[in-house]
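In the order they appear, the protein sequences are chains A and B.
Note that my numbering numbers the first sequence so that position 30 is 10, with each residue one more than the last.
Note that my numbering numbers the second sequence so that position 298 is 605, with each residue one more than the last.
Simulated from the structure, these hints should not be mistaken for laboratory data.
Backbone N, C-alpha and C fix where the C-beta goes; we use that ideal spot for every residue, glycine too.
Please note that the accuracy of each hint is not assured.
Capping the alpha-carbon separation at 30 angstroms, the derived lysine-lysine pairs in BS3-like fashion look like this [stated by the list, open to error]:
(1) A:Lys180 <-> A:Lys195
(2) A:Lys89 <-> B:Lys430
(3) B:Lys479 <-> A:Lys55
(4) A:Lys38 <-> B:Lys430
(5) A:Lys195 <-> A:Lys111
(6) B:Lys430 <-> A:Lys37
Which chain B residues face chain A? A few, computed with CB under 8 angstroms, are given here [claimed, not checked]:
(7) Arg460
(8) Asn497
(9) Thr501
(10) Ala506
(11) Ile508
(12) Gly521
(13) Ile522
(14) Asn523
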Amino acid sequence: MPKILSIDGVSLAFGGLEVLSDISFDVNEGEIFAIIGPNGAGKTSTLNIINGFYRPKKGKVFFQGTDITHLQADKRAALGLGRTFQNIALYHGMSVLDNIKLGAHSHLKTGLISGLWYWGAAHKEEMALRKEIEKDIIDFLEIESIRNQSVSTLAYGLQKRVELARALAMRPKVLLMDEPVAGMNAEETEDMARFILDIKEERNITIVLIEHDMKMIMDISDRVLVLNFGYKLTQGSPREVQKHPDVIKAYLGQKKG
Amino acid sequence: MRIGHFKETYVSDQAVFATATSRFWLGILFALLLLFPFVAGDYLLFMANLAGITIIGAVGLNILTGFAGQISLGHAAFIGVGGYTAAILATRFNLPFLICLPLSGLMAAFFGIIVGGPSLRLKGLYLCIATLAAQLILEFVFVHWESVTGGIRGINLSPPEICGYVLDNDFKYYFLTLAMVILCVTAARNLFRTRVGRAFIAIRDRDISAELMGINLLRYKLYAFAVSSFMAGLSGCLWVNFLKTVTPEHFPLMESVRYLAMIIVGGMGSILGSIFGAIFMTIVPEAISTVLGLLVNTFPTAMSFLFPLQQVIFGLLIVIFLVFEPHGLAEIWRRIKNYFHLWPFEH
Ligand SMILES: Nc1ncnc2c1ncn2[C@@H]1O[C@H](COP(=O)(O)OP(=O)(O)OP(=O)(O)O)[C@@H](O)[C@H]1O
Ligand SMILES: [Mg+2]
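Next up, chain A with everything else stripped away, as it sits in the complex:
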């Protein structure tokens, strides 16, 4: 399988604190690639490096073979890097539907003038977008009944789902998901796991997944990378990783995972 995303010798530091030390890994097209590790291991920072929100001190990031290390974050989104956040980052001033539409930003053309005018091209674009979102996202994630609500009124689990909807509207090639089931009950977790598998299988979207829920990791991921204190501990199939003595040691004394 060809690799779609490569992290090559990345280090990241905040002041004197080294958060990532010489991290390298490849993500294959079409797989679910999990990143696990104790709190503060540098998982979220790794996604932020891929997204372009953090700049590495050393090392490079490649997406579909091109070096994107110096590309601005918004351009990376346009290339096909979708993202959901550990601490939900929805826009509370907008409805569910508008939040989802926002995800499609880079695929739309309406500019300032045509937006002010609206009739014609902008209207047509909005209508087409609405149709696409209804068909491909809202139906799929079963959020028909909340589409016109304000996101701030939604339960936590639903907010996570709306975030996934927004990420799908980005038409990502790689979807970076930061703890999608954290704080969810068993039923919600199961739903989310099913959605993630469907996204991988039916839409052929590659997924990079951070999660503390070990059962889910074991169930759905193809390969697992383990980080600890900014170092790469090991990498392999879920089964291999689970048996690895260093992993067991790193997780010992830690309730989570």
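Starting from the known structure of chain A, fit chain B with the ligands onto it as the hints suggest.
Quick look at chain B with the ligands alone, frame taken from chain A:
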């Protein structure tokens, strides 16, 4: 887990009813606005023009501050740039009004973009200070670049002419003001149905995630500054042509603060709120001074302390508002509307 037991289709969305109702009321409102000048006296006409011109400025500021989250203390100065541009183009270059109007907007937008430039780096209070600096510098220029702005004496201009039709009284001017208000309000509403408006709100709510969602922060912040100051420029041009004079004292820092108060009282991030806020801030001070005037007639001895009370009462009103309804008049209106729901089209 399935949410909801039935599958709503988005076509039904009860949108049909909502639009029928709002079209009906918009039609009524429009008819009333057209009738208004025929029944209103001079004073009301004057106030209506003033309110309309203020609405355009308030919508502009709300786009920048209420929707895109960029606080500006320089709005009055942008209105001033529009006003001076209009006056200079009309008197020095004899350009017709219909050319001066968009050029005033463009000139103000140009200044807005320059001032907005640092907004990528400066956030919150720091941006506020940068816009304050712009306000003070522009005020200084209005006063001291005498060869162009006419200094403190300013510039006088003759009434605007549109296609041979001279708008030489408040009655005629009213229709120009009304047309411009409708144009600006509609354009603003339109913007928030598209990706541009959504990007503004996303930047306000969380600018980090907005960037990761594909929004070029600098570009959209500059767009917000441009649209906002363009409308400020239009408002300035209309204002100057309405008063037929422009002087620096029309655009002091206090006026920028007044505009901020306007959108806060009306409702941040609401077009309708800008309209309510502008009307409130135009009419209420007048109403207060009328009431005080009556009181002074009855108690002539109270004169000395009643008149200074105007500002205090006005300030108190604003504070009371913010305490009891921080989301402004627009929110109160929403509640009233919900109460009457789809009337008169229910069932
Ligand atoms: N912007 C920042 N400034 C300073 N330190 C940071 C910043 N972002 C992350 N860190 C530090 O980097 C380390 C790794 O953080 P990161 O969020 O990547 O961990 P994580 O593996 O996602 O942990 P968790 O499981 O708790 O989410 C932590 O020590 C954190 O305090
Ligand atoms: Mg994290």
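Evaluation of the provided hints:
| no. | hint | result |
| --- | --- | --- |
| 1 | A:Lys180 <-> A:Lys195 | holds (18 angstroms) |
| 2 | A:Lys89 <-> B:Lys430 | holds (28 angstroms) |
| 3 | B:Lys479 <-> A:Lys55 | violated (51 angstroms) |
| 4 | A:Lys38 <-> B:Lys430 | holds (29 angstroms) |
| 5 | A:Lys195 <-> A:Lys111 | violated (36 angstroms) |
| 6 | B:Lys430 <-> A:Lys37 | holds (26 angstroms) |
| 7 | Arg460 | violated (37 angstroms) |
| 8 | Asn497 | holds (3 angstroms) |
| 9 | Thr501 | holds (4 angstroms) |
| 10 | Ala506 | holds (6 angstroms) |
| 11 | Ile508 | holds (5 angstroms) |
| 12 | Gly521 | holds (3 angstroms) |
| 13 | Ile522 | holds (6 angstroms) |
| 14 | Asn523 | holds (5 angstroms) |
In summary, the numbered hints that this structure violates are 3, 5, 7.
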